[in-house]
Amino acid sequence: MSNRMINLLVPAIAVFLGLLVGAIVMLASGYDPVAGYIALWQGIFGDTYAIGETIRQITPYILAGLAVAFAFRTGLFNIGVEGQLIVGWFASVYVGAAFDLPKVIHLPLAILAGAAAGALWAFLPGLLKAKMKIHEVIVTIMMNYIALHVVNALIKTWSGGGDKTDRILESASLRSEFLSSLTDYSRLHYGILVALLMVVVMWFILEKTTTGFELKAVGFNENASEYAGMKIGKNIILSMVISGAFAGLAGAMEGLGTFGNMYTRGGFTGIGFDGIAVALLGANTPLGVIFGAVLFGSLKYGALNMPNAAQIPEEVVQIVIALVIFFVACGYAIRLFLTKISKKKEAK
Amino acid sequence: MGFLDILYFMVPVSIAYAAPLIFTALGGVFSERSGVVNIALEGLMVMGAFIGILFNLFFFDTFGAWTPWIALLAAMIVSGVFAILHAVASISFRADQVVSGVAINMLGLAIALFLTKMIFDKGQTDFIKKAIPNFDVPLLSDIPVIGPLLFKGIYGSSILAIVAAIITWYVIYKTPFGLRLRAVGEHPMAADTMGVNVNKIRYIAVIISGALAGIGGAIYSQTMTRDFGHATINGQGFMALAAMIFGKWHPIGAMGAAIFFGFAQALAVVGPSIPLIKEIPTGYLHALPYVVTILALAGFIGKATGPKANGKPYIKGSR
Chain A
0 MSNRMINLLV
10 PAIAVFLGLL
20 VGAIVMLASG
30 YDPVAGYIAL
40 WQGIFGDTYA
50 IGETIRQITP
60 YILAGLAVAF
70 AFRTGLFNIG
80 VEGQLIVGWF
90 ASVYVGAAFD
100 LPKVIHLPLA
110 ILAGAAAGAL
120 WAFLPGLLKA
130 KMKIHEVIVT
140 IMMNYIALHV
150 VNALIKTWSG
160 GGDKTDRILE
170 SASLRSEFLS
180 SLTDYSRLHY
190 GILVALLMVV
200 VMWFILEKTT
210 TGFELKAVGF
220 NENASEYAGM
230 KIGKNIILSM
240 VISGAFAGLA
250 GAMEGLGTFG
260 NMYTRGGFTG
270 IGFDGIAVAL
280 LGANTPLGVI
290 FGAVLFGSLK
300 YGALNMPNAA
310 QIPEEVVQIV
320 IALVIFFVAC
330 GYAIRLFLTK
340 ISKKKEAK
Chain B
0 MGFLDILYFM
10 VPVSIAYAAP
20 LIFTALGGVF
30 SERSGVVNIA
40 LEGLMVMGAF
50 IGILFNLFFF
60 DTFGAWTPWI
70 ALLAAMIVSG
80 VFAILHAVAS
90 ISFRADQVVS
100 GVAINMLGLA
110 IALFLTKMIF
120 DKGQTDFIKK
130 AIPNFDVPLL
140 SDIPVIGPLL
150 FKGIYGSSIL
160 AIVAAIITWY
170 VIYKTPFGLR
180 LRAVGEHPMA
190 ADTMGVNVNK
200 IRYIAVIISG
210 ALAGIGGAIY
220 SQTMTRDFGH
230 ATINGQGFMA
240 LAAMIFGKWH
250 PIGAMGAAIF
260 FGFAQALAVV
270 GPSIPLIKEI
280 PTGYLHALPY
290 VVTILALAGF
300 IGKATGPKAN
310 GKPYIKGSR
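Quick mapping for you: the protein sequence lines, in order, are chains A and B. When we follow numbering that gives the first Met the number 0, the leftmost residue of the first sequence carries the number 0, and every step to the right adds one. When we follow numbering that gives the first Met the number 0, the leftmost residue of the second sequence carries the number 0, and every step to the right adds one.
Treat the hints as calculated values from the structure; they're not laboratory data. Keep in mind the model is a prediction, meaning the values are calculated, not measured. Careful: at least some of the hints might be erroneous.
Simulated restraints, written as ranges between beta carbons of each label pair [as the list claims (entries may be wrong)]:
| no. | chain 1 | residue 1 | chain 2 | residue 2 | range |
| --- | --- | --- | --- | --- | --- |
| 1 | A | I231 | B | M188 | 53 to 59 Å |
| 2 | B | L294 | A | T208 | 45 to 51 Å |
| 3 | A | A227 | B | M188 | 29 to 35 Å |
| 4 | B | G1 | A | K163 | 39 to 45 Å |
| 5 | B | G152 | A | W40 | 51 to 57 Å |
| 6 | B | E185 | A | D165 | 33 to 39 Å |
Ideal Cβ positions, reconstructed from N, Cα and C, are used throughout, including at glycine.
Take these sequences, add in the hints, and give me the full structure.
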């Protein structure tokens, strides 16, 4: 079996195993896994409305996946996507509601505000990693909680004690009559185009620019890169900032497209953490991220149909997603298994 | 309110918040000293918190006043078993240990919430009838100043946590097992040459860390929230991890750091009734413990270096 084939098979097997164990969990808890997965399928592809909503859900997943993948490619683990997404969401909604400008300026400005906020939130962990060698994992995790609480406090201040912000103006909205009417009046918006554009941007930065080459080089081998004259600290910070900008955009999509405002949250959106799954499954490549986002975005939206259609708690899908990450992480074992099988075949 | 009154108010709350962190951070010490990065502490703690509440709710009629303590044991066992997943992935299957840890964190929360929905048909469990009790230590609590500060209204679990830190120190620095554990985390090949079974020691260490994190989670849920929901643990495991780093992978250091983080959390909780601090809106106060954590880590420039083989799977024969 060729190496390329194995590289494609490992994530496929991980997804299969995840779904299989998910079925076993359902069976063991006294639910009908077949009915569960049918309800899941219906929730994703059941009608045009569901398809529209699924694509809407995929949008932030692509961007969150890009954020994690970009950092991974440069040797950093950005678990802070969740927090960067939250501040990006808030910043974009703020610009969308507080200014009154023509759409050509307002919409890009609001989107950029989201990206900038996310980038800023990722800048600090990058700086601490570059200057003080503090591991980015801990700092980004703490930044998640800070983002959650600070944004909640800001929303409270803004709304005078309420729990949601003003709605954004029409001139900053990503809403699309056309896409919406195409999908039976779902909340599908133009954000998916922004997300796909960013996939191209990530590919371009990593594969076609000197900066991208340097970032990857630092990720592969810090010492060799430094010896070659690259600035390690600068590259670490830059990588975090770009990654954070993607994450901030994911938040902007939620703010400007799906919801049109923001409300105080008791916990995380989960999109940022699922972004880790998206990136891992997609092997941290731009194209792979699309596949990962389609899979996990669909699972996440389709799951909402499970309590109604099959009386199964939707959390089972979160178990499946976690298992898929686990099995992708155990790729070494799957690889070993695959090589053994193919060797046996060759021997015959 | 005078300064001493504030202290009387703050210190017991700090110690109460520190206990779960101490247990979990000790778990982190075991795991990382053996060379396995354990970011999964959060998920293991979630599992412990859930099992603690579940056991307490179901067995209160059987065990009565002893229920919370037996619930700690139950949480210890379940989280210890749950940690085997992380051990298998990161020791035998050579997975990226941070990624495997993230998976365990998501899995722990997902399983706990799935079961909560299944059993209680809502987003959180019922409230427990019997929490871990707090009491005044006889005689000692009558000492002026120190008495009310350290011995009034203290949770039994807090005393347990401090005892556990001392035992951990003894085990890691004074027993053959501890020597092997440290050797495996610093230089697994050298340990292997001397006949130490590297993977076995690491498995044991990860399972111990799961057990301790389970106790930590169950203490938190049975003293602080008294029910279980999606936001019960909310980063306690990560804070314990930070306490372990801040304490330089040393049990007593981790305990000190955990008490410091406990203080930061207490500040967020009792802040609204303390002059000066009450001017800060509560929303920002909630972010304070996390800010303090980053500041604490940033204050230790270059000093915090972990065990040498931390995070690297041991592959026989490789250099």
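Could one say that the CB atoms of L294 (chain B) and T208 (chain A) fall in the range 45 to 51 Å? violated (36 Å)
Tell me if the beta carbons of G152 (chain B) and W40 (chain A) are separated by a distance inside 51 to 57 Å. holds (55 Å)
When you take the CB atoms of A227 (chain A) and M188 (chain B), is the distance between them in 29 to 35 Å? holds (30 Å)
Note whether the CB distance of E185 (chain B) and D165 (chain A) lies within 33 to 39 Å or breaks it. Check failed, 57 Å falls outside 33 to 39 Å.
If you check the beta carbons of I231 (chain A) and M188 (chain B), does the distance land in 53 to 59 Å? violated (29 Å)
How does the Cβ-Cβ distance of G1 (chain B) and K163 (chain A) compare with 39 to 45 Å: does it lie in that range? holds (41 Å)
Going down the numbered hints, you'll see the structure goes against 1, 2 and 6, while the others check out.
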